[in-house]
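**Student:** Given these sequences and hints, build the entire structure.
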Amino acid sequence: MKKLIVFLLIATIPIFGFDVVSVFHDNVQIFENSDNPENAINGFQKIVSAYDLGEIKGTDAFGYYLQSMEYLIVLYSNKGDTKTVYTIFEKIIRSDPGHKLNKFFISPKIIRDFENKRSQMVGYLKIKCPVPGLNVSAGTLKLSPNSKGLYTTLAGDLTLRIGKENYQPVTRNVTVAVGKTVEVEVDLIRTLASVTVLTDPTGAQVFMDGVLMGETSGSAPVDYLKDHSDTIEELGLNPSTLSNYFVINRVEPGDHVLELKKNCYKPVRLSLPKLEKRDYQFKPILLERSIGYLIVEAGADDQTGDLFLDSRRIGSLPIRDLEVCSGEHLLKVAFENGTFIKKLKVEEGEHRVVKAVPKPTLLFTGIKPLDTNLSTVRQVTNSLEKQFQKIPFYNAEMDDSYISAIDGLLKGDNKVIENIRNDYGQSLIILGVEKRVKLKRFIDVYVLNTELYHQEKFTLDPANPDSEKRFVEAVSIMPKLVENTAGIAVIRDPDRNLPVVISSTVEGVQAGDVILSVNGNQCANEASFYKTLVVPETKLQLERSGAALEVAVKVETTPVVMRQNLNSLSYNSAYLYFLSRIQFPGTDAQKAGAQLNLAMCNLRFRRFEQAFDTLSMVQLPDRPGISAGTVLYLKGICYKEIGSWIDLQTLFKNYHFNDGATVINSRGLRVQSLIDFTFEYLRKQ
Amino acid sequence: MKTLLLFLLIGSLTSPNDQRLYESGLAFEANQNYEQAMREFNLLLEQYPKSAFADDALLEIGRYHFNQGDAERAKAFLDRIISEYGKSDSSDNAYLLIGRIQLKAGDIDDAYNTFFHLKGAFPESDVLDRDYFYLSIISSRRGQFKKALYFLSQIYTRFSESPVFPDSLYQAAYCYYRIGEPQEALKMIAALNEEGKGEQAVKAEDYTRSLLRFLLKRHYKRAKQYFQMDNPSLLATGEANTLYVQAKKGRFIQMISPGQNRRRNTPGNVRAMYYQNDVGLWFSTGDQLISPSGSVRLIAEGSALQDITSFFLTSSGEIWAFDKKTGLSYVFSKERKLIRKMALGDVDFFKIRRDGRIFVVKNSRNVMEIRTLDGHAIKQFNNFKKIVDIAFDPLDNIYLLTNKGRSLSVLTSDFHVFQSVQLQSITHSSSRYNHLAVDQGANIFLSVSREREILKVY
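These protein sequences, in sequence, are chains H and P.
If you use the working numbering, the first sequence corresponds to residues 1 to 685, in order.
If you use the working numbering, the second sequence corresponds to residues 1 to 458, in order.
By construction, these hints were calculated from the structure, which means they are not laboratory data.
For each residue, glycine too, the CB sits at the ideal point set by N, CA and C.
It is possible that some hints are incorrect.
Said to hold, decoys possible - The list that follows gives simulated cross-link-like pairs (lysine-lysine, PhoX-like), each with its CA atoms no further than 25 Å apart: (1) P/87 with H/411; (2) H/640 with P/119; (3) P/146 with H/640; (4) H/457 with P/87; (5) P/197 with H/531; (6) P/197 with H/480; (7) H/126 with H/148; (8) H/469 with P/197.
As the list claims (entries may be wrong) - Coverage of chain P stretches by chain H, computed from C-beta distances (three or more under 8 Å per stretch; other residues unrestricted): (9) 137 to 150; (10) 177 to 186.
**Tutor:** Below you can see the structure in the form of structure tokens.
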């Protein structure tokens, strides 16, 4: 049974995959060049059979059909098979009564015989109609006029269909005798309009009433160029880029809108009011270029990267004045240490400058399933991919090498991490392992990065969308690096619902002052007060002992230090973020913020020496708030964590920085107090 | 039952038995079926003592007994984790619970040592935040506010998402205030507000008002009627700013809180009232103390105390009571056993402050003596005359009703005079007041039984 099925399958294959063109040309080769041209008979016969059986269709197929029969005439004639030759004559005449045999390879004798045969089968139609360029068919046969304007048709009773684009067709029943000409008078009624356009340049999409009709193409006919040279010159058109006619038939009379669109060109919209039932040809339409310019530079001088615009490689940075079509583009710069991706819109004539700063790649290696039930794994994978949008997959096939990559990462295999680093640059790696707890399936998601091996684990509950949301936020939302400060600490007075000053290092602002407004804006609480501060100066309206006064305070941007044990943050992700902000810093404050927070990451990972070294690189002034004193304190923490209490005490005893230096932010705990408390702790065990 | 059997069957097909027992125990716990849960855990311990889940099972049992209030039983299981499983995953939690048991029992030194050991032995423990918090509580109780701030600063700089973070900031505000830095105290409350710990908003506002008052010297200036009732007498404030007022003739206690008034009948005339967060409102009817869970007779050397006109409870559950009949002060243990009796002189009444300082008013109310819980006298004030009542706010500031109820004196926690004023200048009436209470926001309440109103001074 199996064998039979296979056979049937094989047997049916040729019918479905018939390559007419190849078969035809192969057999023409045999006919022309081979010593045994009759070997081409089978090939041509196949084409004829295929068309007869409806296996090949269309105008092109019809052409090959007729030509194949022509070759068969010659081949069978050479064989002396006159009967078959005449059969083929008849077939050709029945298929195309006006067909002319190819005189280049068919002998005059055969042509004469063909014409004789034809004269026994056909009659002629003379169609009188005021409308030129008619479409005439008799039954299923399409008829074409000969040089005398007569339509050759098979003799007999015919149902003629005479028509033309945009006209109502007419049907006539006629009887044509062999060799006789029948005159048919017809009047066609116009029902629809046509619109013809040409565009410069070619290749414009044509929309009629919002519907895409096609694209202009080709080049303008020579006659047209000759006849319309004045118009072409007047409109400033380029004859070499002017398109051929684009005709839209079957346009209903009335109001229409024609639109022309082409990339990098301004769209053109034409109102076509009150079209009547006739042909309209409009003046050629010139499309205007719509371009902008891109300047793409690396964030730092010594950084090199390759620019890809809309997935096409442009070249190495810097790229200056790159001409781009106006509109939206996807810009990607591949650096050694990550990629920069940006979607941007370029306006016409705009010179858009882009500074590319590499962001580490986010890489999802997949989830190792618990067993063959993959539904939970797939659900979580799809959801994470959607939320992180285009996470590149590393070896995402469900095969051994993929599974072993996850195992390798879990074990801290440096080779796997090295491979990832080579392929993707500085990357954050996320992988999952499915587990079951109390009959429920969970995913333990591990996060690590290519720069240091320190796994973090988050457990996702696929049934709880919040757990996934929290994880995605932990990886995506980064802590602040800087804030605006003015040396003023406030608290919301619940009786006034306004901030009141707790402490101030600013002249003119005292503890107890009520803040009525900040730059004219009323602030109800602490958070809104700090948010409203503006660099470099902010006006405060104050109330003191019932009297109102205004003070302008200096505002600076200063670093903010994150805490060491945040569960809502992935320190691996933050590590890479801070690293990139150090490599490509903005202001000094941002760099210092990044360095301080990188040190906090190292503290979190218990890499105390690295934390100490990072802190040693931070340069901050000696002043209140996050400053040099802060750095000293954090260095003390490093000593504390490794148990070097003597070094800690030596460091703290020599504290000579500003009394107002703080931790966390400008209004956090004072470093001097913290040192004081530490000594108190050490004094009385 | 069917579901349970099915679960057990499936469990046995898919995971080892000890794990199955542990997981089913957890499942029972999640469904609050604690009896079954304990059975599963105990079965695990019996059948698989070497199991990787054995220490976890011990922890669950220990925690259960702790929550039930059975400290002895809880400690027995928790001690086993430490002695039998060394540095297991559950050891840090075991230490934490043992420390809490010791703290509740009043073994402050042992509790401190336990918490201290935890942080050294488990520097990456998930319960480090709570460990630091309890260390700060103990330090505060010992009056070591800077040390307490050291521990609290660890929570502030490291654990902003910890469940103890809000409480640690309140505690830090209190400690900062006690070391004379009200501005830093306010910064702690401001940090809470900025962190968006909204559920504590009322408490944060109360602390803010209090601290701003003392920092900016916003003296008490105004008074208004707070509540009307017949014969308001003794006053006490409780949680959520509830005011407890004894109705002198009506034999009930009115409980007034924002938006709600309730009454509690009393079996006799109330001689004294005391409120503490952990234990609720207690009151004395003379020969017995009435607590939320029942009545307590205090027996000293075979005889019951007859006229308890003043009493309080310490944080470790000891009861101090003054019997006017004998003129002696007695200290009873949590189990109501007499620990000691003291002759403190001619006592009129005494009160305890949050930090464990006892304020004894004596000698016809002209002397105020401050003593420790050991009974040692550390300070004495002779300049306040006819002290009628004393109250304290959450920052340990002291409020005195003096001059037979005509004057109000407010002292800061370190005994500096903040304000001393004739009440008439605030109340605009010549009434004298016998009773005083202060709420979380340092609002003062005054009452006297012959008036029909309770005044609020702010």
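**Student:** All hints, please: hold or fail.
**Tutor:** Going through the hints against the structure:
1. P/87 with H/411: holds (23 Å)
2. H/640 with P/119: holds (13 Å)
3. P/146 with H/640: The hint holds at about 18 Å.
4. H/457 with P/87: holds (22 Å)
5. P/197 with H/531: holds (18 Å)
6. P/197 with H/480: holds (19 Å)
7. H/126 with H/148: Satisfied, since the Cα-Cα distance of roughly 10 Å is no more than 25 Å.
8. H/469 with P/197: holds (21 Å)
9. 137 to 150: Satisfied; 5 residues make the cut.
10. 177 to 186: Per the Cβ count (4), the hint holds.
Violated hints are absent here; each numbered hint is respected by the structure.
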